[in-house]
Amino acid sequence: MQGTSEYTPRTGIERWIDKRMPLPRLMYDSFVSYPIPRNLNYAYAFGGILSVMLISQILTGVVLAMHYAANSEIAFTSVEHIMRDVNYGWLLRYLHMNGSSMFFLAVYVHIFRGLYYGSYKSPREIQWLLGVVLFLLMMATAFMGYVLPWGQMSFWAATVITNLFSAIPLVGDAIRTWLWGGFSVGDPTLNRFFSLHYLLPFMIAGVVILHVWAFHVTGQTNPTGVEPKSRRDVVPFTPHATMKDAVALVAFFLVFAWFVFYMPNYLGHPDNYVEANPLVTPPHIVPEWYFLPFYAILRAIPSKLGGVIALGLSVVVLFLVPWLDTSKVLSAAYRPLYRIFFWVFVVVCIGLGYIGAMPPEGGYIIAGQLLTAYYFIHFFIILPLLGFIETPKPRPASITEAVLGRPDEPGEPATPAGATAMPERRG
Amino acid sequence: MSYTYPTTVPESASDPDPSDPHYQPSRRDFFVIATGAFAAVGAVAFVWPFVDQMNPDASALALASIEVDVSAMEPGQSITVVWRGKPVFIRYRTDEEIAAAKDTQLSELKDPVARNDNLEAGAPATDENRAAAGHEAFLVMVGICTHLGCVPLGEAGDYNGWFCPCHGSVYDTAGRIRHGPAPENLLVPPLTFADDTTIKIG
Ligand code: FES
Chain A
18 MQGTSEYTPR TGIERWIDKR MPLPRLMYDS FVSYPIPRNL NYAYAFGGIL
68 SVMLISQILT GVVLAMHYAA NSEIAFTSVE HIMRDVNYGW LLRYLHMNGS
118 SMFFLAVYVH IFRGLYYGSY KSPREIQWLL GVVLFLLMMA TAFMGYVLPW
168 GQMSFWAATV ITNLFSAIPL VGDAIRTWLW GGFSVGDPTL NRFFSLHYLL
218 PFMIAGVVIL HVWAFHVTGQ TNPTGVEPKS RRDVVPFTPH ATMKDAVALV
268 AFFLVFAWFV FYMPNYLGHP DNYVEANPLV TPPHIVPEWY FLPFYAILRA
318 IPSKLGGVIA LGLSVVVLFL VPWLDTSKVL SAAYRPLYRI FFWVFVVVCI
368 GLGYIGAMPP EGGYIIAGQL LTAYYFIHFF IILPLLGFIE TPKPRPASIT
418 EAVLGRPDEP GEPATPAGAT AMPERRG
Chain B
1102 MSYTYPTTVP ESASDPDPSD PHYQPSRRDF FVIATGAFAA VGAVAFVWPF
1152 VDQMNPDASA LALASIEVDV SAMEPGQSIT VVWRGKPVFI RYRTDEEIAA
1202 AKDTQLSELK DPVARNDNLE AGAPATDENR AAAGHEAFLV MVGICTHLGC
1252 VPLGEAGDYN GWFCPCHGSV YDTAGRIRHG PAPENLLVPP LTFADDTTIK
1302 IG
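From first to last, the protein sequence lines are chains A and B. Just so it is clear: in the first sequence, position 294 is 311 by the working numbering, and no numbers are missing. Just so it is clear: in the second sequence, position 46 is 1147 by the working numbering, and no numbers are missing.
If you are wondering where the hints come from, they were derived from the structure by calculation, not from laboratory data. Hints may contain errors.
With a cut-off of at most 20 Å between alpha-carbon atoms, the simulated SDA-like pairs for lysine to any residue come out as follows [to be verified]:
hint	chain 1	residue 1	chain 2	residue 2
1	A	Lys261	A	Phe48
2	A	Lys246	A	Leu421
3	A	Lys246	A	Pro413
4	B	Lys1211	A	Ala184
5	B	Lys1211	A	Leu322
6	B	Lys1211	A	Pro186
7	A	Lys138	A	Ile398
8	A	Lys345	A	Leu132
9	B	Lys1211	A	Gly323
10	B	Lys1211	A	Ile318
11	B	Lys1301	A	Phe200
If you want the ones that stay clear, here's a sample from chain B, every Cβ over 12 Å from chain A, calculated [stated by the list, open to error]:
hint	residue
12	Ala1146
13	Val1169
14	Gly1235
Think of the CB as a built atom: it goes at the ideal place given N, C-alpha and C, for glycine as much as any other residue.
Make the full structure from the sequences, and use the hints.
Laid out in structure tokens, this is it:
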């Protein structure tokens, strides 16, 4: 995919810059002339959406930090002050608060898309690993951000999550005290969480650059899982991907706006509008919706250390996926069995999310344990086994053949008019 | 612009060859390794202040002990006080509660260790080892569930002791874990009776 550069500086100033610091050339080659498979569908739009969400969260976050006070005495009041007194404070906070939910919604679609189309397979393993690192950073950032308003849910989420570390044998208690900076969650904890909550998004941005770099080296996957073989299989990034991503982004923002303007607190928890009280635990504590499946896994194991190990493993297993999946076929479209198990897995994850929101009693415990077992069986048994027992369907010879629905004849015009319109060839 | 480097750095004929089996390390080899090692140790040593600054500071450590006046308490009453930012339960137990706790065999317990900071580490979790020494009606415990740190509710649960609403751990009237995910009995903090009606915690 690393072709020669197609950038030609037209004006004197462009030539002047190009000799000294060829950033415009890099941008042009990466986001204008960069060839993408011609058959990408809307599931591929979420990478772009995620970049925009990251920028949106950083923008709203930076301005919120101008009004927020990371001190346990006044943090709760300062958030109320943002809501009531600061000009447009309510809008900025609701954008930031719901933005995190939208961010996770997008990242889950993005991850499942990767699982469906085999985006983690050779030669894209590093890109996938970087993606899992991004997911972990996002989880840490979201968790620490949730603590900042210093409501009851903030406080008890911080307590429960930091206590997970105390399950580590021998050094667990020392680590927990070190995380807290005291003998319980308190002012020092809030302060350091604020500092890290401000830092991590920029680390995310750094890893995003590596993640994007990696896919510019290997090229994107596509719904057929067949790598582009000729110029006829690809179209330039701009306008094709740019425009398609823009359409998807508008649709996504409609949903985002619906939450922000019509039900801004729907995804939150009313207890977080009660100031943190270290002496009273709310009767039913649950994390934000995007952590519910993991919370269900934590609670499914009736032992403290066991629960924490299962929770850790449920995320870490994503790092192993490139080596657990033994099939060489990328796309689930040509893997009749994997395709079924993929959707079962999606349903199981949603089921775990539902269980995570329910109180830990009776049938919910059993259901949570069964679903947790399946979660791990999917990765450790089904994925490795399928590669050996499944007979994949015949794959098309090329992307163009899949798009046209018949063998590609190199003699005819490469693609329907328009699709080939390389902007740099047009003028 | 481009430069070509010589493919090998010119060596003088007298330079010893490290691949020679009779090669003797020179003084320069020693200096290179010693300097590198010194720099590495220095860099690692500088990491420690950055790590240790997150540990509890002097002001947090200063709040180490509190005294609580319990003269106004009646049997069956509980109070919660704050020690080192954590809730501490002080319960003046009724005779039935003490009897129920005493009747429990050690073999019925999930955690048979007392978890009492005033006793040596392995002491068995009998009622005497859990209650305040010399004042068996008083049970003083850190009110933090040993599972993931929620505050259990008093006079609740199957044993009418404590019940943790977070993930359903049940403690008896001596604060011992009976079932649920919590691994240990509620912790008894270091305490002494300053006089008959004043408990010093910490
Ligand atoms: S924190 Fe008490 S049961 Fe989990």
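**Study point:** Violations among the numbered hints, reported as their numbers in ascending order
**Key:** As far as the earlier hints go, not one is violated by this structure.
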